[in-house]
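Novice: Sequences are here, hints too, so could you generate the full structure?
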Amino acid sequence: MTITSSCDGGALTLAFEGELDHHAAREAMLGIERDIERYLPRACVLDLARLSFMDSSGIAVILKAHRRMAELGGTASVVGAGKQPYKVLDAAGLRRLVKIETTV
Amino acid sequence: MKEINSVKIEFLSRSSNESFARSTMAAFAAQLDPTLDELGDIKTSVSEAVTNCIVHGYPDTLGKIQLRARIFPDNSIEITVRDWGRGIADIDAAREPMFTTGGEERSGMGFTIMESFMDKLRVRSSTGRGTTVTMTRRISPRAQLRAAK
Chain A
80 MTITSSCDGG ALTLAFEGEL DHHAAREAML GIERDIERYL PRACVLDLAR LSFMDSSGIA
140 VILKAHRRMA ELGGTASVVG AGKQPYKVLD AAGLRRLVKI ETTV
Chain B
557 MKEINSVKIE FLSRSSNESF ARSTMAAFAA QLDPTLDELG DIKTSVSEAV TNCIVHGYPD
617 TLGKIQLRAR IFPDNSIEIT VRDWGRGIAD IDAAREPMFT TGGEERSGMG FTIMESFMDK
677 LRVRSSTGRG TTVTMTRRIS PRAQLRAAK
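If you read the sequences in order, they're chains A and B.
Count along the first sequence starting at 1, add 79, and that's the number in our numbering.
Count along the second sequence starting at 1, add 556, and that's the number in our numbering.
Calculated from the structure, these hints are not laboratory results.
Zero decoy hints are in this set.
Below, computed lysine to aspartate or glutamate pairings styled on EDC-like, alpha-carbon distance capped at 20 Å:
hint: 1; chain 1: A; residue 1: 162; chain 2: B; residue 2: 671
hint: 2; chain 1: A; residue 1: 162; chain 2: B; residue 2: 589
hint: 3; chain 1: A; residue 1: 162; chain 2: B; residue 2: 593
hint: 4; chain 1: A; residue 1: 162; chain 2: A; residue 2: 180
Heads up, incomplete: computed chain B residues facing chain A, CB under 7 Å, no partners named:
hint: 5; residue: 571
hint: 6; residue: 572
hint: 7; residue: 574
hint: 8; residue: 596
hint: 9; residue: 600
hint: 10; residue: 603
hint: 11; residue: 604
hint: 12; residue: 661
hint: 13; residue: 662
hint: 14; residue: 663
hint: 15; residue: 669
hint: 16; residue: 672
Backbone N, C-alpha and C define an ideal beta-carbon position, used for all residues, glycine too.
Specialist: This is how it looks when you write it as structure tokens:
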């Protein structure tokens, strides 16, 4: 899995590509933390459009971004979630904490 | 019910095997002609069960994980994921949403997802001896439906 980051006017976009499971989660968390520290954004957008698979490990990754952004007084949100990742996010009730936009 | 087909695989509890396990099970389930959504549900559930073995069954050692699948005439697939690791002290607590002993890196949603994505889920565990998770999913018989039309 790869994460491509770009920051534009206080909004940090992290684009995920590949499969996000437990094997990929640790590195993803470290990368997200590093990027948030580097840019100190007001908003963090997790773009899942090119994520082909995600299990509950991805929930912990998104919650990590959500908590870190809340500490900074900002927000984290999810865009581009395909069917399979969205079903996992929905089953976990993540919509109660994080704004989620889907492609389905 | 007599099985139509079966497969058994054993591998080490390395996290790189998570994708191997779910892809293999998806490939085996493909003979039931599942939809992409059904395949996604099976892959996700297998991923959760195998991750549990790696994170909780063998937290600081490498051990064996056994994956078995059986296909039955009613178009259902039964998948069994077994480890010989630490076992679960309190299965009811482990199945609760948001319960985890895995710290901040885990969401505690693994069993909840397996339960909602599969038709049946059975967990047997004994402390110090290991855990067996058996899950069943019936695949909608699309081919028969099409043939009938």
